[in-house]
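Q: Please take these sequences and the hints and turn them into a complete structure.
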Amino acid sequence: MTDINTRALDRELKRGSAELLILSLLEATPRHGYELGKLIKLRSRGQLTFHIDSLYPLLYRLEERGWIKGTWIEKAGERRRRYYKVTSEGRRVLAQQRKTFAAFVAAVRRVTGVENA
Amino acid sequence: MPDPTNSLKWAHEVRTRLSSLRLSATREAEIVQELSQHLDEHYRELIAEGQSPEDAERLTLAEFSEGNLLARYMAPLRQAQTTPPSTPGAPTGHVLTDVWQDVRHAARVLMKQRAFAGTAVMTLALGIGATTAIFSVVYGVLLKPLPFADPDGLVSLKQYAPHGAGANHGAATYLTYRENQTAFEAIGAWDTTDASITGGSNPERVQALLVSSSTLPILGVKPVAGRFFAIEDDSPGAPLRVVLTNGYWQRRFGGRNVVGEPLVIDGRPAEVIGVLPSSFKFLRTSPSILLPLPLDASAPRGISFGFQALARLKSGTTLAFANADVGRMISLLPPQFARLELQPNVRPLADDVIGNIGDTLWILLAAVGVVLLIACGNVANLFLIRAEARQQELAMRAALGASRARLARSLFSESIVLALAGGALGLAFAQAALGLLRWFAPAYLPRLDEIAIDSGVLVFTVSISMLCGAFFGVIALRKFGRPNTAALKEGGRSSGDSPTRHRTRNTLVVGQVALALTLLIVSGLMIRTFIAMRQIDPGFTDPEHVQTFVVAIPANFITDPQRAARTHQSVAERLAQVPGVTSVGLSSSITMDGEDNGNYLMVEEFPEPAGSAMITKLRRFKSFAPGYFATMGNRFVAGRDVTWNEIYEGRMVIVISETLAREYWKEPARAIGKRVRCCNTTMPWREIVGVSGDERDDGLNQPATSMVYFPMLNESYRWRTMAYAVRSNRVGTPGFLGEIQQAVWAVNADLPLANIQTLEEIQASSMGRTSFALVMLAIAAGVALLIGVVGIYGVIAYAAAQRTREIGLRMALGAQVADVRRMFLRQGLSLTITGIVVGIVASFGVTRVMAAMLFGVSPTDPMTYVAVSAVLASVALVATYLPARRAARVDPVIALRAEA
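Protein sequence lines correspond, in order, to chains Z and W. Heads up: the first sequence at position 47 corresponds to 576 in our numbering, and the numbers run straight through without jumps. Heads up: the second sequence at position 668 corresponds to 1100 in our numbering, and the numbers run straight through without jumps.
If you're looking for bench data, these hints aren't it; they were derived computationally from the structure. Don't take each hint at face value.
Restraint-style ranges between C-beta atoms, simulated for each label pair [claimed, not checked]: (1) Z:Thr600 <-> W:Ser887: 55 to 63 Å; (2) W:Gln863 <-> Z:Gly595: 27 to 35 Å; (3) W:Thr448 <-> Z:Gln625: 37 to 45 Å; (4) W:Pro485 <-> Z:Thr641: 42 to 50 Å; (5) W:Thr448 <-> Z:Arg609: 17 to 25 Å; (6) Z:Glu556 <-> W:Pro485: 32 to 40 Å; (7) W:Ala884 <-> Z:Glu593: 28 to 36 Å; (8) W:Leu440 <-> Z:Thr600: 22 to 30 Å; (9) W:Asp1323 <-> Z:Lys604: 45 to 53 Å; (10) W:Ala864 <-> Z:Arg609: 52 to 60 Å; (11) Z:Arg609 <-> W:Leu899: 32 to 40 Å.
All values derive from a computational prediction rather than experimental measurement. Note that beta-carbon positions come from the ideal geometry of N, C-alpha and C, so glycine has one too.
A: Shown next, in the form of structure tokens:
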């Protein structure tokens, strides 16, 4: 298993593809920042790691664009947390980005000839 | 639950990393909380995985990369670029920015407390508005330079004349000074007179200003058309030339070129040579035309004083030097002047305009200054009360790190912002007040058109506003500048009312009451003066039914005196036929119209050595025709009126006034048949046939004038211009004046009417200074009373509110409603009485200054003092009773439950 340089990924994420990850994870249910970081690590089987100093600026940027919305929610027996959910604008962007990404992956496959990456 | 120590640590780590960003305080707190939670959860997971606390902490902090990526990623976000916070206590390091912050904060704080800010601003606006209005009058009338080039060098050339004659000029003094002076660049003569302008459609009687050729150049005035008088125009016998004022030129000629055109003035042909600029305003005169004042330098120089003189000082010359120069020249006058004992009196020309209104205006300015002080006292009290309520807030800010200076500045900026707002509103009040003043246009006030809110007045208003702000700012600071940390304790508000604060508020109230009382006494004395003047018998009755006007018959218009007299008689008879006219009378001047023709009267029975008495015993001379006394409503104390026949036959008869008769004969009736004569031994003796009731010819507040009435057109007093008095119930009704005018013109169409006014108007203008001062002082005193009483009310009401809990306790322990009420009444009354005592003492000093404005009442008149104190005390009692009654109605249960 090749390790991906997480710092380099951070830079990559900043450029935009990380947005897709966040929006996808929030599509089904609202989640808080720590949960998002853990889910990404878990589902990428440790390949993708978000550090605190890149995850939150990203969330705030998406929030400023109006794609997600954070709300403080207090659940019984837990402390107050900030949950994020996708806005309708965010859903539109997500659909668009999924299409673009799929097209991009298909194109890369065709060029590199890799069938089962 | 998270470990609070760790939470603080994480928060600190996050906050340090965010510090370079410009996040709003709330946003930063949110982010700190969110990220600290994240770190804390990560840490607890690591511990759960079996890491040692040290390793767990190290690994948790490894979430942050080198070089503070958090701040770098956050920096482009909008939320990281909010404008700097304007919370006081967070200095930006720039003085101007900080001041602006303070001002904005202050404005916001005050906007939230509308009731407090509104009351304070209104109170201040009243005080500042009144002060600004009066100051703009003082500035326009007393302080603004005269509208001439280099006005500082202009002086009025007068003499002190201890015996009443010689303050002005005649040929002797004027020519002697002109020929011998060393202090002046030039000397000019001037005088006013009335002139008839005939030849046009309607004959006109206008005011004329007589000037020597040097006068206009001294003033630095330039013609807008043509030229002014040259030296040759001054010489006797020169062809008559006339200069028009801009107003008359516009009114009569519509502004067309008239230079060189002829005009008939007093029956003499004259040539228009020039026009004055519209800015020309000469002292208290309002002439239509300017004529030369001819002086024959070669004529004999006897004692006469008929005109005025002005001069321009040589540059660098002082008034003292000019007076010394005139003192030297007085000794050069002809020997007969020595007994006049003249003294030099060179003074700034502006003094001639201002006259005696200076004192009145300064007293008024002082009065409104007192109103402003009272207003400031009230606002200071409000500030104290409010600052007390804010003790906790101030202590909190201090505990959060605001420096003392910072807190002081923010308290101070609140008071300044408040004062400036009051000043702005005050300016609006002042503007309205000046509009009212212009509308009333009191004749007594000179330079009315120069009174305005201009830059000088603005500077004054801003300055006094700042001063007021500083005043109550400092009072609040002295009490609250040092934050009281005790205020932070639970229920700390109850510790607010310390005895020293009480004392400050009480002192302010006592001061307010004292000041208000002083103003009330001053205006009370003015009211007594006014009443005293109204009760004086002025020498006439029902002045509202007497119409007066002047008809002039110039010597070269009707040369023969007999014919002139007959013309006057015809006019009088024609006037008597106008419907509603009950009587008509003629005199050379109407009572109190300012004409003062003084001369010496010799009495056969009481011969006096020539010399001294001629100067010291000046009598007022008038000439008159039958019907004058009856028309005025004056009575004959003894004897009878003269007849038209006696006038035509030149009978040697005369009438004198009661005061003069009593001076020589004690009983007026004993004067009848005695003989007197005018001026000198060459004049014929005249027999006294009547003693008239006194006339207050010098004004109601002056002693009755000693009068001598010559029958018209006599040998010693050939006055051909007569003032008419017409008594009718129709005076003031539409059309009456027109009928009067037609009646005069029916006799001779070339006779102009002038100085048309009712006797009531003459009387009112003679009381002008008193009424003006009275109205203004009464307004000031009324406002002072109002504000002062509000002050007392406020202090008692506040004390009652502060002591609600105590009252409840007292009542729970058995105190009666009346006891509680009495407690507050006692407090209010002791403040009032202290204020009244202080005020009375102050008034004794202050009223002495205004003694000159009083008439018929002493500055320490006990009745006024007692009455005014009683009024103030009773109003204050009401102001105390209302809050005291409310305090006594407290329900003990509610009072004790409330957090006091």
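Q: Hint by hint, say whether it matches the structure.
A: Here is how each hint holds up against the structure:
Distance hint for Thr600 of chain Z and Ser887 of chain W: a CB-CB separation of about 58 Å, consistent with the stated range 55 to 63 Å. Between Gln863 of chain W and Gly595 of chain Z, the C-beta spacing of about 52 Å breaks the proposed range 27 to 35 Å. Checking the proposed 37 to 45 Å range against Thr448 of chain W and Gln625 of chain Z shows it holds: the Cβ atoms sit about 39 Å from each other. In this structure, Pro485 of chain W and Thr641 of chain Z meet the distance hint of 42 to 50 Å, their C-beta atoms being roughly 48 Å apart.
Roughly 23 Å separates the CB atoms of Thr448 of chain W and Arg609 of chain Z, a value that falls within the hinted 17 to 25 Å. Separated by about 38 Å at the C-beta atoms, Glu556 of chain Z and Pro485 of chain W satisfy the suggested range of 32 to 40 Å. In this structure the supplied range 28 to 36 Å is violated for Ala884 of chain W paired with Glu593 of chain Z, their Cβ-Cβ distance being about 57 Å. Roughly 25 Å separates the CB atoms of Leu440 of chain W and Thr600 of chain Z, a value that falls within the hinted 22 to 30 Å.
Taking the beta carbon of each, Asp1323 of chain W and Lys604 of chain Z are about 47 Å apart, inside 45 to 53 Å as hinted. About 58 Å separates the C-beta atoms of Ala864 of chain W and Arg609 of chain Z, a value consistent with the hinted range of 52 to 60 Å. As the Cβ distance of Arg609 of chain Z to Leu899 of chain W is approximately 53 Å, the hint placing it in 32 to 40 Å is violated.
Violated hints, in rising order: 2, 7, 11; the structure is consistent with all others.
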